[in-house]
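Start from the sequences, fold in the hints, and give me the full structure.
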Amino acid sequence: MPDTSLPTVALPVKEGRDFLWAKTKEAFKYIYKHYLDQADFFMKADDDTYVVVENLRYMLSEYSPMSPIYFGCRFKPFVKQGYMSGGAGYVLSKAAVMMFVEDALPNKGCRQDHGGSEDVEIGKCLDLVGVKAMDSRDSLGRGRFFPFVPEHHLIPGHVNKDFWYYKYIFYESREGLDCCSDSAISFHYVSPNLMYVLDYLIYHLRPYGISHNVHGLAPTLIESSGGSEKVITGGSEKVMEEEEEKFADTNTKS
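With UniProt numbering, the residue at position 3 of the sequence shown is 3, and numbering never jumps.
It is worth saying that the hints were derived from the structure and are not from the lab.
For clarity, every value in this text was computed on a predicted model and none was experimentally measured.
Glycine is no exception: its CB is placed at the ideal position from the N, C-alpha and C atoms.
It is possible that some hints are incorrect.
Said to hold, decoys possible - List of simulated lysine to any residue pairs, SDA-like, C-alpha gap at most 25 Å:
no. : residue 1 : residue 2
1   : 33        : 53
2   : 80        : 169
3   : 76        : 120
4   : 76        : 101
5   : 14        : 112
6   : 132       : 106
7   : 132       : 62
8   : 33        : 43
9   : 161       : 141
10  : 161       : 82
11  : 124       : 31
12  : 23        : 77
13  : 76        : 173
14  : 33        : 109
15  : 108       : 17
16  : 76        : 170
17  : 124       : 166
18  : 124       : 107
To be verified - Here are the computed distance ranges between Cβ atoms for each label pair:
no. : residue 1 : residue 2 : range
19  : 195       : 4         : 19 to 29 Å
20  : 157       : 29        : 36 to 46 Å
21  : 178       : 198       : 16 to 26 Å
22  : 30        : 212       : 28 to 38 Å
23  : 109       : 12        : 15 to 25 Å
24  : 107       : 202       : 35 to 45 Å
25  : 109       : 183       : 33 to 43 Å
26  : 12        : 196       : 31 to 41 Å
27  : 106       : 176       : 39 to 49 Å
28  : 196       : 81        : 34 to 44 Å
29  : 107       : 189       : 24 to 34 Å
Have a look at this one:
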């Protein structure tokens, strides 16, 4: 049912974990129809996922929304290029949303019923139509999207190495302070109380004499459609224009 006290949308899907894939498909179809031109990137996250939106914008600032790409905590099984953890949240570019709705959803290779794990299924569908799973780590190889609360990643030995996470994670998962980027974006399984704690520590606590300002944009590796790679710093507007022209030209020919 619609809730007028919250900015929510009532989708034509049953409630419950068994219908997450159906809800995800309907959500992106709704975004495609109503919000596609109002943002460059679109994020799916759970209600117990804490997101530092400023760091998300910082990471995305070097990428064009017209590149068919998506970001998140990358897992390696089930999909050739890997897929992004649903709990940690994943981010689709505008082009990726368009290709998911226009090309993937009607394709029989993309699961048509409501079953399956939502993050795995969208990973398969995006892979099917050529949306690239990106490396979301920072320049030091530290993660930015996390499927658990900070202590699981920060405290050495907190999680047994036999835990499924270590079998799934696409890149090496470090422990201690090297685990997590200074510009980390998300943590999952965050309780309501911890939401307030993180909000205070991130946005209010300021140690005297210590500056945490990010100066400029970090160099980002951009892979073009031709397979060549280049490092850029700033100038993302120019890259965006070039990618938009390429995307429009590709759609015209297809």
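Verification of the supplied hints:
Annotation: proposed proximity of residue 33 to residue 53 holds, straight-line Cα distance about 24 Å (limit 25 Å). Among the hinted pairs, residue 80 with residue 169 is consistent with the structure: their alpha-carbon atoms are about 14 Å apart, no more than 25 Å. Distance restraint check for residue 76 and residue 120: the Cα-Cα separation of roughly 10 Å lies within the 25 Å cut-off, and the hinted pair is therefore satisfied. For the hint pairing residue 76 with residue 101, the CA-to-CA distance comes to about 24 Å; that is within 25 Å, so the pair holds.
Note on residue 14 and residue 112: the hinted pairing holds, with a Cα-Cα distance of about 16 Å set against a maximum of 25 Å. Between residue 132 and residue 106, the direct Cα distance comes to roughly 19 Å. Compliance with the 25 Å bound is thereby established for this hinted pair. Restraint check for residue 132 and residue 62: satisfied, since their Cα atoms lie roughly 16 Å apart, inside the 25 Å limit. A distance of roughly 16 Å separates the Cα atoms of residue 33 and residue 43; the hinted pair therefore holds under the 25 Å criterion.
Of the pairs offered as hints, the one joining residue 161 and residue 141 holds, with about 20 Å between alpha carbons and a cut-off of 25 Å not exceeded. Restraint check for residue 161 and residue 82: the C-alpha separation of about 20 Å stays at or below 25 Å, so the hint holds. With a C-alpha separation of about 20 Å, the suggested pair residue 124 and residue 31 falls inside the 25 Å cut-off, and the hint holds. Distance check on the hinted pair: residue 23 and residue 77 sit about 23 Å apart at the alpha-carbon level, within 25 Å; holds.
Only pairs whose Cα atoms come within 25 Å are accepted, and residue 76 paired with residue 173 is accepted, the gap being roughly 13 Å. At most 25 Å may separate the alpha-carbon atoms for a hinted pair to count; residue 33 and residue 109 meet this at roughly 23 Å. The hinted pair formed by residue 108 and residue 17 meets the criterion: a straight-line CA distance of about 23 Å does not exceed 25 Å. At roughly 5 Å between alpha-carbon atoms, residue 76 and residue 170 fall within 25 Å of each other, so this suggested pair holds.
For a cut-off of 25 Å, the pair hint linking residue 124 to residue 166 stands: about 21 Å separates their Cα positions. Taking the CA atoms of residue 124 and residue 107, the gap is near 11 Å; set against the 25 Å cutoff, the hint holds. The hinted range of 19 to 29 Å is satisfied by residue 195 and residue 4, whose Cβ atoms lie roughly 23 Å apart. Here the CB-CB span from residue 157 to residue 29 is close to 44 Å, well matched to the stated 36 to 46 Å.
The hinted window of 16 to 26 Å between residue 178 and residue 198 holds, with their beta carbons roughly 20 Å apart. Checked against the given bound of 28 to 38 Å, the beta carbons of residue 30 and residue 212, roughly 37 Å apart, stay inside it. At roughly 24 Å, the beta carbons of residue 109 and residue 12 sit within the given window of 15 to 25 Å. A beta carbon spacing of about 41 Å between residue 107 and residue 202 agrees with the range 35 to 45 Å that was offered as a hint.
The supplied range of 33 to 43 Å is met by residue 109 and residue 183, whose beta-carbon atoms lie about 36 Å from each other. In this structure the hint that residue 12 and residue 196 lie 31 to 41 Å apart at CB holds, the actual value being about 34 Å. Look at residue 106 against residue 176: about 46 Å separates their beta carbons, and that is inside 39 to 49 Å. Take residue 196 and residue 81: their Cβ atoms lie about 37 Å apart, and the range 34 to 44 Å holds.
At about 33 Å, the beta-carbon gap between residue 107 and residue 189 stays in the expected band of 24 to 34 Å.
Checked against the numbered hints given earlier, this structure breaks none of them.
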